[in-house]
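Residue numbers (the working numbering), protein chains in the order written: chain U, 10 to 329; chain E, 376 to 676.
Simulated from the structure, these hints should not be mistaken for lab results.
All values derive from a computational prediction rather than experimental measurement.
Some clues are possibly wrong.
[Claimed, not checked] With a straight-line Cα cutoff of 35 Å, these simulated DSBU-like cross-link-like pairs (lysine-lysine) come out:
hint, chain 1, residue 1, chain 2, residue 2
1, E, K408, E, K648
2, U, K109, E, K648
3, E, K545, E, K408
4, U, K109, E, K408
5, E, K511, E, K408
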Amino acid sequence: MMEKRTFIYLILGAILALCPLVLNPYWTDVLNNIGLYAVLGLSLNLIVGHAGLFNLGHAAFYAVGAYTAAILNTRFHIPVLTLLPLCALTAGLFALVVAKPIIHLTGDYLCIVTIGVGEIVRIALINNVFGLTGGANGIFGISRPNLLGFVIRKPHEFFYLIWFFVAVTAFFFHRLENSRFGRALNYLREDETAAEGSGIDTAHYKLMSFVIGAAWAGMVGNIFAAKMTIISPESFSFWESVLMFTLIILGGSGSIPGVLLGAFLVIGLPEIFRGFTNARMMLFGAAMIAMMIFRSGGILPARPRRYSLPQARQGQGGGA
Amino acid sequence: MEEFFQQLTNGLAVGGIYALIALGYTMVYGVLKLINFAHGDLFTIGSYLGLTLLTSLSLADRLGPAAGVLVLAVMVMGLVAVVGALLERVAYRPLRQSPRLSAVVSALGASIFFSNALMLIYGARFQVYPQGILPKVAVNIFGLDVPLVRILILAASVLMMLALYFFIQKTRIGTAIRAAAIDQDAARLMGIDVDRVILFVFLIGPALGGVAGLMVGLHYGQINFTMGWIYGLKAFTAAILGGIGNIPGAMVGGILLGVVEALGAAYLSMAWKDAIAFGVLIFILIVRPTGLLGERVAEKV
């Protein structure tokens with residue numbers, strides 16, 4: 010069973026890796042965008058899917074990473090890719106500071122506060138906060154990523170950088186969800202009181218899920234800045250957060266293959282049906298409602314954890 | 376002083392609009408424990424319907440400004456109430472027993488659906504209300520000129536809020552709404568038809584939101600399909616500020632937020648106007664999650 014799934018993923022991965030050889034630059038770039046949203050989705054998935062915390066302000070963390078890269082690169086000429094850890098650090102720290110006082114809020118309240126945080130960040134960027142962010146026009150002239158002397162500039166070169174990053178991310182979050190940390194997040198999502206009663210420091214774990222998710226989004230911001238060479242507050246609006254949120258919900262929250270599929274659907278489908286660009290957001294909304302009514306787990310829902318008992322190998326433990 | 380007074384009256388008028396929208400949020404939250412994210416878009420639908428009816432029926436010409444606007448307001452309220460009831464039936468009722476995440480996502484979906492449907496029907500550009508529907512005169516209060524529109528908006532919203540308050544406090548269905556807000560199951564055991572209560576909430580809230588949309592159209596003269604989202608968030612902030620689930624709280628919160636925002640924009644910074652409202656929201660949730668008048672506690676474990 011497990012081998013068959015791995016086999017399918019390997020084949021799909023191989024097909025994807027060959028895509029830039031046959032596709033034109035435009036469609037390769039579409040795949041690049043799908044890759045960026047896939048990583049953003051995976052990072053948000055830790056918060057929304059695993060910890061069950063409504064975060065509709067993820068674009069704020071993404072923005073912090075992108076602006077960190079842009080400011081340091083344009084002012085001090087530090088190569089973009091070497092700034093990756095720093096972008097993760099600033100976005101993670103920002104999440105720590107912002108989420109610390111609000112982490113005890115649950116459900117809808119947390120949702121509305123994260124929307125507020127996202128908007129405040131966007132307004133701050135437009136208002137050229139500290140004279141660093143370049144106002145509504147943003148920052149331009151960010152240098153291309155340079156990998157050991159090789160400058161990445163064409164879409165198919167970015168394709169391999171971005172999808173390598175997707176693979177690393179998927180592996181990292183796969184390991185994380187099967188760790189003690191991942192199990193604790195699932196536990197507190199299912200029943201916070203019971204989790205607390207079993208000795209899980211829920212506030213700590215929730216905060217950590219925010220910090221890790223945000224740090225990862227910060228790194229995506231770095232790659233986004235390097236890919237676009239120009240960033241502006243418009244790229245980090247509320248709709249970006251909604252897109253990330255939607256692709257998780259449609260694909261399957263808490264499920265890595267689900268989130269990847271969600272990224273393909275949410276970013277890729279509108280490109281295929283370009284004639285319907287005007288109606289696509291409306292259909293999106295309708296799809297969200299229908300999805301919640303008919304298949305609330307998403308297209309590829311997360312599979313329940315299975316544990317085989319040491320003595321009887323056929324025994325299947327369910328649940329958390 | 377003149378400047379301060381003008382900003383104050385402006386804030387009061389905007390606050391009245393926020394309060395009307397906030398009532399819809401707070402009533403739905405009270406009964407269903409759901410943030411109706413689509414409520415801001417119902418408000419936008421109200422302003423677009425108002426525009427269509429105003430231009431196609433030319434009520435103001437036939438009935439005179441006062442009666443025309445009144446008839447228009449009643450029509451808008453009725454139509455938006457129907458949209459609200461349909462929304463509840465299609466998007467929320469099937470999810471009554473589901474986890475709260477599902478209902479919130481459905482509400483977000485409905486919000487995206489409505490705003491983009493409006494864009495498809497009316498186009499993405501700003502739409503302009505015809506000028507001169509309400510006479511552009513100023514009323515002299517304590518020797519200072521205040522535009523009549525502001526006074527009318529504030530008066531109309533206060534009037535509607537008072538009517539709602541007495542409706543909730545004095546009538547049978549109002550009592551049933553209060554009972555369902557306290558404990559749905561107990562209310563059902565007492566013979567209250569909770570589905571009917573929820574239907575009423577989804578008729579009254581959108582009707583008030585819709586008429587607020589009409590007011591924005593008449594006051595500012597131009598409307599856009601995305602405006603529901605920012606007005607909705609402000610109104611939700613107002614509802615939290617007053618204590619969500621609490622009807623007088625929504626009124627106080629709305630007017631307070633309108634005044635704070637108008638004065639903040641005038642004396643602190645115009646560019647940060649929207650951030651001020653969100654800052655207030657976050658501050659309130661951290662310091663006093665029950666809101667100013669609220670008894671309902673932001674869920675904590």
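Here is what the structure says about each hint:
Restraint check for K408 (chain E) and K648 (chain E): the C-alpha separation of about 29 Å stays at or below 35 Å, so the hint holds. The hinted pair formed by K109 (chain U) and K648 (chain E) meets the criterion: a straight-line CA distance of about 25 Å does not exceed 35 Å. Taken as a hint, the K545 (chain E) and K408 (chain E) pair is honoured in the structure, with Cα atoms around 23 Å apart against an allowance of 35 Å. At most 35 Å may separate the alpha-carbon atoms for a hinted pair to count; K109 (chain U) and K408 (chain E) meet this at roughly 25 Å.
A distance of roughly 42 Å separates the Cα atoms of K511 (chain E) and K408 (chain E); the hinted pair therefore is violated under the 35 Å criterion.
In this structure, only the earlier hint numbered 5 is contradicted, and the remaining ones agree with it.
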